[in-house]
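Protein sequence lines correspond, in order, to chains A and Z.
Numbering of the first sequence is given in numbering that gives the first Met the number 0, commencing with residue 0 and proceeding in unit increments.
Numbering of the second sequence is given in numbering that gives the first Met the number 0, commencing with residue 0 and proceeding in unit increments.
Think of the hints as simulated: they come from the structure by calculation, not from any bench.
Pairs involving identical chains hold if they fit within one copy or between any two copies, as the list cannot separate such chains.
Heads up, simulated SDA-like pairs for lysine to any residue below, C-alpha to C-alpha not over 25 Å straight-line:
hint	residue 1	residue 2
1	K4	G35
2	K20	A115
3	K20	E116
4	K102	G88
5	K118	V21
6	K80	R101
7	K80	G163
8	K20	T114
9	K20	Q158
Protein chains: 2
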Amino acid sequence: MQALKNRIIREGRILPGNIIKVDGFLNHQVDTRFLGELADEFARRFDLSGVTKILTAEASGIALAAICSYRYGVPMIFAKKAKSDNIEGGLYQSEIFSYTYRKKTTLICSMERLTAEDKVLIIDDFLANGQAIRGLVDIVKQAGAELLGIGIAVEKGFQHGGDGLREDGYHVESLAIIEQADENGFVFR
Amino acid sequence: MQALKNRIIREGRILPGNIIKVDGFLNHQVDTRFLGELADEFARRFDLSGVTKILTAEASGIALAAICSYRYGVPMIFAKKAKSDNIEGGLYQSEIFSYTYRKKTTLICSMERLTAEDKVLIIDDFLANGQAIRGLVDIVKQAGAELLGIGIAVEKGFQHGGDGLREDGYHVESLAIIEQADENGFVFR
Numbered sequence: 000m001q002a003l004k005n006r007i008i009r010e011g012r013i014l015p016g017n018i019i020k021v022d023g024f025l026n027h028q029v030d031t032r033f034l035g036e037l038a039d040e041f042a043r044r045f046d047l048s049g050v051t052k053i054l055t056a057e058a059s060g061i062a063l064a065a066i067c068s069y070r071y072g073v074p075m076i077f078a079k080k081a082k083s084d085n086i087e088g089g090l091y092q093s094e095i096f097s098y099t100y101r102k103k104t105t106l107i108c109s110m111e112r113l114t115a116e117d118k119v120l121i122i123d124d125f126l127a128n129g130q131a132i133r134g135l136v137d138i139v140k141q142a143g144a145e146l147l148g149i150g151i152a153v154e155k156g157f158q159h160g161g162d163g164l165r166e167d168g169y170h171v172e173s174l175a176i177i178e179q180a181d182e183n184g185f186v187f188r
Numbered sequence: 000m001q002a003l004k005n006r007i008i009r010e011g012r013i014l015p016g017n018i019i020k021v022d023g024f025l026n027h028q029v030d031t032r033f034l035g036e037l038a039d040e041f042a043r044r045f046d047l048s049g050v051t052k053i054l055t056a057e058a059s060g061i062a063l064a065a066i067c068s069y070r071y072g073v074p075m076i077f078a079k080k081a082k083s084d085n086i087e088g089g090l091y092q093s094e095i096f097s098y099t100y101r102k103k104t105t106l107i108c109s110m111e112r113l114t115a116e117d118k119v120l121i122i123d124d125f126l127a128n129g130q131a132i133r134g135l136v137d138i139v140k141q142a143g144a145e146l147l148g149i150g151i152a153v154e155k156g157f158q159h160g161g162d163g164l165r166e167d168g169y170h171v172e173s174l175a176i177i178e179q180a181d182e183n184g185f186v187f188r
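Isolated chain A, as found in the complex (with noise of 0.2 Å):
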């Protein structure tokens, strides 16, 4: 989506390590306007008939999530980040490892909220390792609901957790695909 793609460049920063900092209008501050584009453009690209369900998980993917949700007119649920030793019972769980805080967390849904009568897009943020992503297609497959999509909005292709769920058969659409990001800037694939 070329107009994601100009805004990572006109407003995006590469810090060391290849992190990639849109805190402008992603994921601190966030241009909740332009994110009702984003979900246009994923309603065009997935096939939304019969959608019950969005999914994401917290923090970062709710206020994208929320948005998507209000314009498709269904609900969304964001899976909770919740310490190992502190789970209640009739609840999914999934065990992720975040390499952005180096530490595992394991991601809750409730499982009232989610059953096998539902459809399932998952949206969230960033796509980098797959992991948040992985937690959740888990959640969607323990309550034996059905998996419409992915829909992400900025996908780091270097690290290839996107890669591996479209190898596995997932349908992942990220809006903006990232090659490179260096001292040279952004190269989209």
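Please arrange chain Z on chain A, whose structure you already have, making use of the hints.
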């Protein structure tokens, strides 16, 4: 706001320790169209002319703040929770104590994103002891920005955080104030 009170009566659950669960529409599964109605009610209760930013704290305030931001056409910012030993430069910081998680966290917000030019509406899903809101107010003050008000979906009136903020002169609007939540159900102020 009667529609919110009705929804709490219909779908809310009361757990031991005065924990109020509204995770079917507010802070796990989220009915974003309903949040649009809450956003419109805030717009009736506050003078939002000139508002430039919606400010909330991660994670559960993000969905409501995002919908407010979308409907008002101004950006939102979510203050992030950081460990106190992991703070970068260029950030407003405010240390808060979370009674829910029984630990100190530091709310952080980039100095680039909030300045003395801003007119800010603080939005959050819950107000109990008021610690998180006090942290956000502190960040607005550090920025030298103007605080237009504090909009809350559900206030736990029996924990008095909202009363303290009102006594200190802040314009707090809570769409449902729960005075009592026990085996006899909900009593609203």
